Amino acid sequence: MASAGSVPGGALLDLFPSRDAGSFGRRLKRARGARIPVTIVTGFLGAGKTTLVRRFLATAQGAGTAVVVNEFGSVGIDNALLRGSTDQITLLGNGCLCCNTRSDLQIALRGLVAERDQGRVPQFRRILIETSGLADPGPILQTFATDRALGGEFHVEVLLAVVDAAAGLDTLAWSAEARKQVILADRLAVSKCDLVSAQNVEGLVERLRLLNPRAAIHSCVDGNLDPHWLVEADAGAGALRAGFVAESDHSDDISSFVVTDAAPIAWEVFARSMETLIALRGRDLLRVKGFLNVTGCRGPVVVHMVQHLAHPPVELAAWPDGNRATRLVFITRNVPERDVRNLFTAVTALSVADGLHRTAGLD
Amino acid sequence: MTAAEVSPLQTGRYAPVTWNFNLIAQHALDGFGGMGEGMSIQIAPDGRRILWLAHESAPKNFTAVDVSDPRKPKVVVQTDLPQAHMRSNSLETCGNLMAVAYQTQKKGLQPAGFELFDISTPEHPKSISFFDCSGPGSRGVHQLWFCDGEYVHTASGAPDFTPTHPNDDQFYRCIDVRNPAKPVEIGRWWMPGTRQGDNVMPPPRHPLDKGYRAHNTNVYPQRGDRCYLAYIDGGMFILDISDKANPKQISRWTNSPPYTGFMHTVVPLFDRGLMLVTDESTENNAKDWPKLIWVLDAREEANLVPISTCPMPDHRAYAAAGRFGAHNIHENVPLPTVWQSDQIVLGTFFNGGLRAYDISNPYQPKEVGVFVPPAPPMAPTGTIQLNDVFVDEREIVYTVDRHVGGLYILEMDF
Chain A
1 MASAGSVPGG
11 ALLDLFPSRD
21 AGSFGRRLKR
31 ARGARIPVTI
41 VTGFLGAGKT
51 TLVRRFLATA
61 QGAGTAVVVN
71 EFGSVGIDNA
81 LLRGSTDQIT
91 LLGNGCLCCN
101 TRSDLQIALR
111 GLVAERDQGR
121 VPQFRRILIE
131 TSGLADPGPI
141 LQTFATDRAL
151 GGEFHVEVLL
161 AVVDAAAGLD
171 TLAWSAEARK
181 QVILADRLAV
191 SKCDLVSAQN
201 VEGLVERLRL
211 LNPRAAIHSC
221 VDGNLDPHWL
231 VEADAGAGAL
241 RAGFVAESDH
251 SDDISSFVVT
261 DAAPIAWEVF
271 ARSMETLIAL
281 RGRDLLRVKG
291 FLNVTGCRGP
301 VVVHMVQHLA
311 HPPVELAAWP
321 DGNRATRLVF
331 ITRNVPERDV
341 RNLFTAVTAL
351 SVADGLHRTA
361 GLD
Chain B
1 MTAAEVSPLQ
11 TGRYAPVTWN
21 FNLIAQHALD
31 GFGGMGEGMS
41 IQIAPDGRRI
51 LWLAHESAPK
61 NFTAVDVSDP
71 RKPKVVVQTD
81 LPQAHMRSNS
91 LETCGNLMAV
101 AYQTQKKGLQ
111 PAGFELFDIS
121 TPEHPKSISF
131 FDCSGPGSRG
141 VHQLWFCDGE
151 YVHTASGAPD
161 FTPTHPNDDQ
171 FYRCIDVRNP
181 AKPVEIGRWW
191 MPGTRQGDNV
201 MPPPRHPLDK
211 GYRAHNTNVY
221 PQRGDRCYLA
231 YIDGGMFILD
241 ISDKANPKQI
251 SRWTNSPPYT
261 GFMHTVVPLF
271 DRGLMLVTDE
281 STENNAKDWP
291 KLIWVLDARE
301 EANLVPISTC
311 PMPDHRAYAA
321 AGRFGAHNIH
331 ENVPLPTVWQ
341 SDQIVLGTFF
351 NGGLRAYDIS
361 NPYQPKEVGV
371 FVPPAPPMAP
381 TGTIQLNDVF
391 VDEREIVYTV
401 DRHVGGLYIL
411 EMDF
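Keeping their order, the protein sequence lines are chains A and B.
Going by our numbering, the first sequence opens with residue 1, and the numbers climb by one from there.
Going by our numbering, the second sequence opens with residue 1, and the numbers climb by one from there.
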């Protein structure tokens, strides 16, 4: 794991510097680089995750997907359903893997790669993790940030939360886990839309928009979701759609906001700011992700943090949309946007006083 | 492990895989898809982008493919060899000049040497001259390097060269082609002990005995006074060619024994002080495994230090049929139409396909892309045998099958 403040590059690269490399190593064509894409499907008990996963596996986009089922108390039903469903599941050779704890997930994922490299399981192109209905996806996201081996091999591309059109509003009202699933998701799928009136669906969608204004919301019947939504990442902070509400209040005191800034920031200033924020409020930074316009970098630096943990930053070869502005999504508990902005301003001022801003350029 | 649990790797099965590459076109080259290790791009006077390819064996000499639109490759011309007992195998273009190697199956035959062509009109390559290397102990030219329009650096025999061992017949020869109509040899170097009359003992033979002879003869403008010479069973050499008439050995590195010889290519990564060195797998069914891409710390050219190899998949999965192991890599040929990279290594591994490695951290090369296509129809080994790879400055990847599959065109996606 790299802390937010780790010096990009390092002693090894200094021995054999490449003019083509950026300060964060080889510039990647996309955030996942060459890593194995991971799709996480979350959603409350009975929301229709398994149906949706089964439909996805039957599509062209789902081919070559290895499925890992993260079970807490779903009594193996999901597992049994998946095992019998499609060829792609048998791709694993031994069916699905059940992971009761995070360390089991780590072991399962490492094992999959090792066995693939040894030719013991067929080549797979993607991992799909179906979480237990009661799971908070936060720890699963953390797993990919904490484990050096996993972080080097896997990249979480999509976190999709499935919400039941019929029971969703009720569940969201009483279950903190269900709310957390929605809040942390990159995309939302409203399932079982055929079972309720359009008006009810619209009511749920309104609630979802309040909880997670960033995420695209798709509706589906019988798990029939466009498979692209399970494989295509929003390009970094591309999750910021037009009409985004800059700050919105959630239940559980969770809010999300986007910090944008057209001016480049020195990496050291960003790292120092985030380290301060993490030291003070690490537990309350549920997710921070997006593009950073770093001084001296050609492309955006992709940043992804979960609580006090940070994925190693990577630089992309180019800005995907031509807009070079920093765009960082913060999902926080009781950490308002104003405080984050003030902190960055203060650290920038301190850095100017220290002369850091002059040396921080990565040219 | 019980019999019922025998893993696929022990059955020798291997599966096609495409990982972080996008195949955008494939061309069987009109039924003559057995390609060698000559791949070069010309921007023709009319603006077309032409990929010139040497065939691995008779009856075809070379094929030109219009890859202006890499999704729609079109064969422009395909030529026949003058004799069935020879192969071209290697070619390079520089502007509208193309040099094509000719190697005969047996010594003493002709034509053995290289031919220069004017390819201003790709449909009609016009012979300019032929540099004759034939002789009683010569098979001619196996491989050549030509990218400055002035000198052709060859792995060649010569009529006046009698090796101490018959397998050691090809050595480094530098040919001045500044007047393309009259190529002239201006310098040569051979490993001491391999020519009759040398005052040192001939080198000991390796078990597979592929010869102490030159293979790739790379020279780059960043160090125009150096030749990076792979010498098959002799390992590799850095030569000082500041005086082209008198090349001098600066350093040598070999991995054999304990490895099984056949060092093939040396590519310096000048900015980084690194060097890539490849072996060639020559034996079927992975009998000569492991054949590797080696990464050397070359900051001190007189003291080359191997620091890593590019990791390969378990050989048992690939041992079923045909060759498995390293061969050609993208060589950063110093021309504007060639992709230059010192962080990504692309290599062909016969039935191990095309593999890309990230060497950002040269101590830990990491595989970032794989392309193992299904065996082409009528493949004699029943597998793909990817033989060579070339990347143009658009980052389009071209790779060729040794026997029948022809040309595969891909995009890198990592």
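Hints may contain errors.
Said to hold, decoys possible - Once the Cα atoms are required to be at most 30 Å apart in a straight line, the calculated DSS-like pairs of lysine-lysine come out as: (1) B:Lys-182 / B:Lys-107; (2) A:Lys-29 / B:Lys-72; (3) B:Lys-182 / A:Lys-29.
Since the hints were derived computationally from the structure, they do not count as laboratory data.
In this text, all values refer to a predicted model and were calculated from it rather than measured experimentally.
Now the hints, each set against the structure:
no.: 1; hint: B:Lys-182 / B:Lys-107; in the structure: 24 Å, holds
no.: 2; hint: A:Lys-29 / B:Lys-72; in the structure: 24 Å, holds
no.: 3; hint: B:Lys-182 / A:Lys-29; in the structure: 47 Å, violated
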